[in-house]
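Got chain A sorted already, so can you dock chains B and C onto it with the hints?
Protein chains in written order, with my numbering: chain A, 15 to 372; chain B, 15 to 372; chain C, 15 to 372.
Bear in mind the hints are in silico, worked out from the structure with no lab data behind them.
Cβ coordinates follow ideal geometry from the N, Cα and C atoms, glycine included.
Please note that the accuracy of each hint is not assured.
[As the list claims (entries may be wrong)] Cβ-Cβ distance ranges computed for the label pairs, FRET-style:
no.	chain 1	residue 1	chain 2	residue 2	range
1	C	Asp151	A	Gln80	46 to 52 angstroms
2	C	Asn47	B	Asn307	20 to 26 angstroms
3	A	Gln80	C	Thr303	20 to 26 angstroms
4	A	Val216	B	His347	45 to 51 angstroms
5	B	Pro61	C	Asp151	55 to 61 angstroms
6	A	Gly324	C	Asn307	37 to 43 angstroms
7	A	Ser321	B	Gln80	26 to 32 angstroms
8	A	Lys102	C	Ser321	34 to 40 angstroms
9	C	Asp151	A	Asn212	50 to 56 angstroms
10	A	Gln80	C	Gly215	23 to 29 angstroms
11	B	His347	A	Asp138	56 to 62 angstroms
12	A	Ser321	C	Ser321	18 to 24 angstroms
[As the list claims (entries may be wrong)] List of simulated lysine-lysine pairs, DSSO-like, C-alpha gap at most 27 angstroms:
no.	chain 1	residue 1	chain 2	residue 2
13	B	Lys318	C	Lys267
14	A	Lys371	B	Lys365
15	A	Lys357	A	Lys367
[What the hints assert, rightly or not] Which stretches of chain B does chain A cover? Using the computed rule of at least three CB atoms under 8 angstroms from a CB of chain A, they are:
no.	stretch
16	33-46
17	52-60
18	153-159
19	289-303
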Amino acid sequence: MGSESLRNMQANKQYTLSELTSGLEVTIKGDVNCIITGISILHQSQPGHISFLTNSLYRKHLATTQASAVILSEKDANACTVNAVICKNPYYIYAKIAEFFTTSHSFVPNIHPTAVIGSDTHIDPTAHIGAHCVIGDHVNIAARVVIGSNSTIGDFSIIGEASKLDARVTIYNKVMIGKRTHIASGAVIGSDGFGFANQNGVWHKVPQLGGVQIGNDVDIGANTTIDCGAVDHTIIEDGVKLDNLIQVGHNVKIGAHTIIAGCAGIAGSAVIGKNCMIGGASMILGHITIADNVMITGNTGVNKSISEAGVYSSGIIGVVTNQEFKKNNARFHRLENLTQRIKMLELSLQKFKEEEKK
Amino acid sequence: MGSESLRNMQANKQYTLSELTSGLEVTIKGDVNCIITGISILHQSQPGHISFLTNSLYRKHLATTQASAVILSEKDANACTVNAVICKNPYYIYAKIAEFFTTSHSFVPNIHPTAVIGSDTHIDPTAHIGAHCVIGDHVNIAARVVIGSNSTIGDFSIIGEASKLDARVTIYNKVMIGKRTHIASGAVIGSDGFGFANQNGVWHKVPQLGGVQIGNDVDIGANTTIDCGAVDHTIIEDGVKLDNLIQVGHNVKIGAHTIIAGCAGIAGSAVIGKNCMIGGASMILGHITIADNVMITGNTGVNKSISEAGVYSSGIIGVVTNQEFKKNNARFHRLENLTQRIKMLELSLQKFKEEEKK
Amino acid sequence: MGSESLRNMQANKQYTLSELTSGLEVTIKGDVNCIITGISILHQSQPGHISFLTNSLYRKHLATTQASAVILSEKDANACTVNAVICKNPYYIYAKIAEFFTTSHSFVPNIHPTAVIGSDTHIDPTAHIGAHCVIGDHVNIAARVVIGSNSTIGDFSIIGEASKLDARVTIYNKVMIGKRTHIASGAVIGSDGFGFANQNGVWHKVPQLGGVQIGNDVDIGANTTIDCGAVDHTIIEDGVKLDNLIQVGHNVKIGAHTIIAGCAGIAGSAVIGKNCMIGGASMILGHITIADNVMITGNTGVNKSISEAGVYSSGIIGVVTNQEFKKNNARFHRLENLTQRIKMLELSLQKFKEEEKK
Numbered sequence: 015m016g017s018e019s020l021r022n023m024q025a026n027k028q029y030t031l032s033e034l035t036s037g038l039e040v041t042i043k044g045d046v047n048c049i050i051t052g053i054s055i056l057h058q059s060q061p062g063h064i065s066f067l068t069n070s071l072y073r074k075h076l077a078t079t080q081a082s083a084v085i086l087s088e089k090d091a092n093a094c095t096v097n098a099v100i101c102k103n104p105y106y107i108y109a110k111i112a113e114f115f116t117t118s119h120s121f122v123p124n125i126h127p128t129a130v131i132g133s134d135t136h137i138d139p140t141a142h143i144g145a146h147c148v149i150g151d152h153v154n155i156a157a158r159v160v161i162g163s164n165s166t167i168g169d170f171s172i173i174g175e176a177s178k179l180d181a182r183v184t185i186y187n188k189v190m191i192g193k194r195t196h197i198a199s200g201a202v203i204g205s206d207g208f209g210f211a212n213q214n215g216v217w218h219k220v221p222q223l224g225g226v227q228i229g230n231d232v233d234i235g236a237n238t239t240i241d242c243g244a245v246d247h248t249i250i251e252d253g254v255k256l257d258n259l260i261q262v263g264h265n266v267k268i269g270a271h272t273i274i275a276g277c278a279g280i281a282g283s284a285v286i287g288k289n290c291m292i293g294g295a296s297m298i299l300g301h302i303t304i305a306d307n308v309m310i311t312g313n314t315g316v317n318k319s320i321s322e323a324g325v326y327s328s329g330i331i332g333v334v335t336n337q338e339f340k341k342n343n344a345r346f347h348r349l350e351n352l353t354q355r356i357k358m359l360e361l362s363l364q365k366f367k368e369e370e371k372k
Numbered sequence: 015m016g017s018e019s020l021r022n023m024q025a026n027k028q029y030t031l032s033e034l035t036s037g038l039e040v041t042i043k044g045d046v047n048c049i050i051t052g053i054s055i056l057h058q059s060q061p062g063h064i065s066f067l068t069n070s071l072y073r074k075h076l077a078t079t080q081a082s083a084v085i086l087s088e089k090d091a092n093a094c095t096v097n098a099v100i101c102k103n104p105y106y107i108y109a110k111i112a113e114f115f116t117t118s119h120s121f122v123p124n125i126h127p128t129a130v131i132g133s134d135t136h137i138d139p140t141a142h143i144g145a146h147c148v149i150g151d152h153v154n155i156a157a158r159v160v161i162g163s164n165s166t167i168g169d170f171s172i173i174g175e176a177s178k179l180d181a182r183v184t185i186y187n188k189v190m191i192g193k194r195t196h197i198a199s200g201a202v203i204g205s206d207g208f209g210f211a212n213q214n215g216v217w218h219k220v221p222q223l224g225g226v227q228i229g230n231d232v233d234i235g236a237n238t239t240i241d242c243g244a245v246d247h248t249i250i251e252d253g254v255k256l257d258n259l260i261q262v263g264h265n266v267k268i269g270a271h272t273i274i275a276g277c278a279g280i281a282g283s284a285v286i287g288k289n290c291m292i293g294g295a296s297m298i299l300g301h302i303t304i305a306d307n308v309m310i311t312g313n314t315g316v317n318k319s320i321s322e323a324g325v326y327s328s329g330i331i332g333v334v335t336n337q338e339f340k341k342n343n344a345r346f347h348r349l350e351n352l353t354q355r356i357k358m359l360e361l362s363l364q365k366f367k368e369e370e371k372k
Numbered sequence: 015m016g017s018e019s020l021r022n023m024q025a026n027k028q029y030t031l032s033e034l035t036s037g038l039e040v041t042i043k044g045d046v047n048c049i050i051t052g053i054s055i056l057h058q059s060q061p062g063h064i065s066f067l068t069n070s071l072y073r074k075h076l077a078t079t080q081a082s083a084v085i086l087s088e089k090d091a092n093a094c095t096v097n098a099v100i101c102k103n104p105y106y107i108y109a110k111i112a113e114f115f116t117t118s119h120s121f122v123p124n125i126h127p128t129a130v131i132g133s134d135t136h137i138d139p140t141a142h143i144g145a146h147c148v149i150g151d152h153v154n155i156a157a158r159v160v161i162g163s164n165s166t167i168g169d170f171s172i173i174g175e176a177s178k179l180d181a182r183v184t185i186y187n188k189v190m191i192g193k194r195t196h197i198a199s200g201a202v203i204g205s206d207g208f209g210f211a212n213q214n215g216v217w218h219k220v221p222q223l224g225g226v227q228i229g230n231d232v233d234i235g236a237n238t239t240i241d242c243g244a245v246d247h248t249i250i251e252d253g254v255k256l257d258n259l260i261q262v263g264h265n266v267k268i269g270a271h272t273i274i275a276g277c278a279g280i281a282g283s284a285v286i287g288k289n290c291m292i293g294g295a296s297m298i299l300g301h302i303t304i305a306d307n308v309m310i311t312g313n314t315g316v317n318k319s320i321s322e323a324g325v326y327s328s329g330i331i332g333v334v335t336n337q338e339f340k341k342n343n344a345r346f347h348r349l350e351n352l353t354q355r356i357k358m359l360e361l362s363l364q365k366f367k368e369e370e371k372k
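Chain A with its partners taken away, still in its complex shape (with noise of 0.2 angstroms):
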């Protein structure tokens, strides 16, 4: 099975526009009874499918677009010379449209005879977990929850109603995940926190004592990982989106709504506000509080607290030929001596002044 084949599992569905958009706030331009039977990207689209332009980047193939519908917003409906759905957020009218064409594992109710489950354990009738899963003692596991394959859960933890873990997924002991939560494969949830006494040269395990708190409609991306808390817990608010492979040490807070891209890390007792943006591998002091509403952008080390909305950064950004890089990297290093040239040009134009003078 090829590449097309792939392609074509969408292509078994098939719903008018005015089915995809019902409940939406939208208007359409155009035949609302339209079949649409898939979705591709502007430039790579086919009669029957709808797209959308949610980046300006794309909009030169608006004009050239294959596709029988668009979504987009009311400035760049004139130049849609197809069928237009039209509103103030096409980015989130795209995802309501795309939920139609999803063809995910339906997951029955079911404890998979492989699963190894622990004592003083309740899994929820209508729950499923997976193939080869390890549930330990005293856990709680709600209505509707999907555990997939190769998890491990320890004891003490809770997972929240219709929240779904991927394949090979840990979560540690006295870990609290609320509703409609999503984890990806590979995290690790509860891992011990980095916490090492030096005496006298050794280092010695501070014992980690919390859990970790998971509000409801997380999202936590593949390999990502979340240390415990040393006394109190760490907690993750309701909202929060977590992309791959990211960083969380012990007792951070991440704010509700806040939404952090992969590759970042966030030391131990870091604060980060409500509906903040953190841009890609952007690492977090600990100990530093950030306010609500504020976006990082990638690549930024955020060394002190921010107390106020708004954009930061930090550092230096452009890439260049190395050659040029070579230059700015050396004219960086030679900035001590350009002062010490200004400060002598200072001082003997002073003197000019002061010759002149007399």
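Same frame as chain A, but now just chains B and C:
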């Protein structure tokens, strides 16, 4: 079961201050028979709990803490209005006292019936092999070892006495692990080093023949990866502490009692000394050598060998508003222009001086 | 069994120099019948071993090596006092010779009885499915494929001939993998891309409908993550080599024979050309395009498209003492002040000149 009841999990235990500090070098100011039932942080403490002051950021909470006792150093003792456990190294003393309040799972010595064990493999009868583990051939698992569920151990590997692997750990072939070493979930030890030889535009794999040698009392964080050596072994000496999501390339050697924070990367054949401290997200170039007792601050790119003990850094730090950042960034890229302008000023001034002499 | 006995695991094999180099473009200076029993590095070699010189850092050890033969290039041949295997590309020739000394586990064709296999799934009788694997529905596993233990393969995925997944790999749904591709432990392929649409302060998941298409002879490192496409597929072309802990976002395309070092991150919809080399911890912005034959040095932030082959970098490198760093850092943040002082000097000088003219 909510957050409160989890917090109360500690509450079944109780000790006197005197019992908690027995054998430790501390001076108690106050009631040595005071009953302690749990641990909490200074500003969220309650009567019956012991707290600690190890970071000056939190000193302000000392006056108002509700704790029954506080672990702190001499200089803070006078400001303490409750029972004081006075010592030279409060974080270390805290670590020792916190051990009384850990509630870790106790593993019974057994091989779970779902575990799959290879041939010519020796497992000590006091070891615990978790559910769904897969242990290879010619493996040696020593006394009191715990292998967490869903872990895989490759052929010819050795796990030393009382070492503990959490759930979902991968140990490849030819990995030797010492005593009392702890490996967190998702860690991968002994994967092939990244060696490829380019011949006519195509990369050919260079076989990775070595193993990994890990000492005693090492701690390896969640989802951290350590590659096997290309010819000889990759070496992690005694007492090394590695945080989460760290990459250790082939043939790296990390000296005893060195500690490395999360998201760091160490390229192949780098040699790091003993008792070093390496900050989070630091990147160490391959084939370089770092002396003993070197401290690398976070986010540093170590691009050359460091031959003397000391504190080292690179680049630029300091988060600012994006507006300010854009100015900084532009100024940096205009450094050549600044240099030329200084040169012009110097020439002009030189001319003036020469004309004056006339 | 200690380190020495592991080292001796190679020792059961022996070949003549002539056997080891049969079919390779090399010139042997010395005894073609010399018996070789193992491989070691130049400065830790022993009689009977073959060694290699591929990095000029190690040339100093050529004079004192105890190896019986050394693989090296013409220019180093005269300095070699033992048997010399002279060739144009010593690292490639070393790779070919090292294959004789690998001791990898041989997998018998079988489906382990603990593996759980879905419906409508085809597994070639010559394939090996490890213990505790979970294979989904409509999966196709070709001849001589090896699936390591505790791995999970999602529905509608395809694993091509002779590809090898190590232990604990996750393949999600709709992932197509070519022939002879190798995936290390902990890697996660096909997790949902990081797509969320913000509506009134709440992030809504954007369904990720695409798959992942991976070519032939690809190598994917430990704990590396590759997201599925949002609409179309994420694409990794033939011969691509990815190190450990790399994040590849949705709809990224990586061209054939490109190699990427550890801890790098590639944001969604970035397109990377063929035959590129991307240094460790480099971060590639989303939606940009990088031409063929581009080399990106380590730690670079690529913030815009690169349209021509060449070597590119960003930022500042050079580790220094923290004392020196603090000065550099302060100077950088005073660049505006420097610029103003230069401007003042220029104005003063201008005045002088004007006054002189009078």
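Against the structure, the hints come out as follows:
Checked against the hint of 46 to 52 angstroms, the pair Asp151 of chain C and Gln80 of chain A fails, with Cβ atoms roughly 32 angstroms apart. Between Asn47 of chain C and Asn307 of chain B, the C-beta spacing of about 51 angstroms breaks the proposed range 20 to 26 angstroms. Restraint check, Gln80 of chain A to Thr303 of chain C: a C-beta distance of roughly 23 angstroms satisfies the suggested window 20 to 26 angstroms. Our hint of 45 to 51 angstroms for Val216 of chain A and His347 of chain B holds, since their Cβ atoms are close to 47 angstroms apart.
A hinted range of 55 to 61 angstroms for the beta carbons of Pro61 of chain B and Asp151 of chain C is consistent with their spacing of about 58 angstroms. Taken as a hint, the range 37 to 43 angstroms holds for the pair Gly324 of chain A and Asn307 of chain C, whose Cβ atoms sit roughly 40 angstroms apart. Here the CB-CB span from Ser321 of chain A to Gln80 of chain B is close to 28 angstroms, well matched to the stated 26 to 32 angstroms. Hint check: Lys102 of chain A to Ser321 of chain C, Cβ distance near 35 angstroms, so the stated range 34 to 40 angstroms holds.
One distance hint, 50 to 56 angstroms for the beta-carbon pair Asp151 of chain C and Asn212 of chain A, holds here, with the actual separation near 53 angstroms. Restraint check, Gln80 of chain A to Gly215 of chain C: a C-beta distance of roughly 36 angstroms breaks the suggested window 23 to 29 angstroms. Taking the beta carbon of each, His347 of chain B and Asp138 of chain A are about 59 angstroms apart, inside 56 to 62 angstroms as hinted. For Ser321 of chain A and Ser321 of chain C, the Cβ-Cβ distance of about 42 angstroms falls outside the hinted range of 18 to 24 angstroms, so the restraint is violated.
A threshold of 27 angstroms between alpha carbons decides the hint, and for Lys318 of chain B with Lys267 of chain C the separation of about 33 angstroms lies outside it, so the pair is violated. As the CA atoms of Lys371 of chain A and Lys365 of chain B are separated by approximately 20 angstroms, the hinted pair is consistent with the 27 angstroms bound. Pair hint Lys357 of chain A plus Lys367 of chain A holds up; C-alpha atoms about 15 angstroms apart against a cutoff of 27 angstroms. With a cut-off of 8 angstroms between beta carbons, the stretch 33-46 of chain B has 0 residues touching chain A; three or more are needed, and the interface restraint is violated.
Three residues within the 8 angstroms Cβ limit are the bar, and the stretch 52-60 of chain B against chain A gives 4, so the coverage statement holds. Check on the stretch 153-159 of chain B: 0 of its residues sit with their Cβ under 8 angstroms from a Cβ of chain A, so the three-residue criterion for coverage is violated. Check result for the stretch 289-303 of chain B against chain A: holds, 3 residues qualifying (beta carbon to beta carbon below 8 angstroms, three or more required).
The structure fails hints 1, 2, 10, 12, 13, 16, 18 (numbered hints given earlier, in ascending order).
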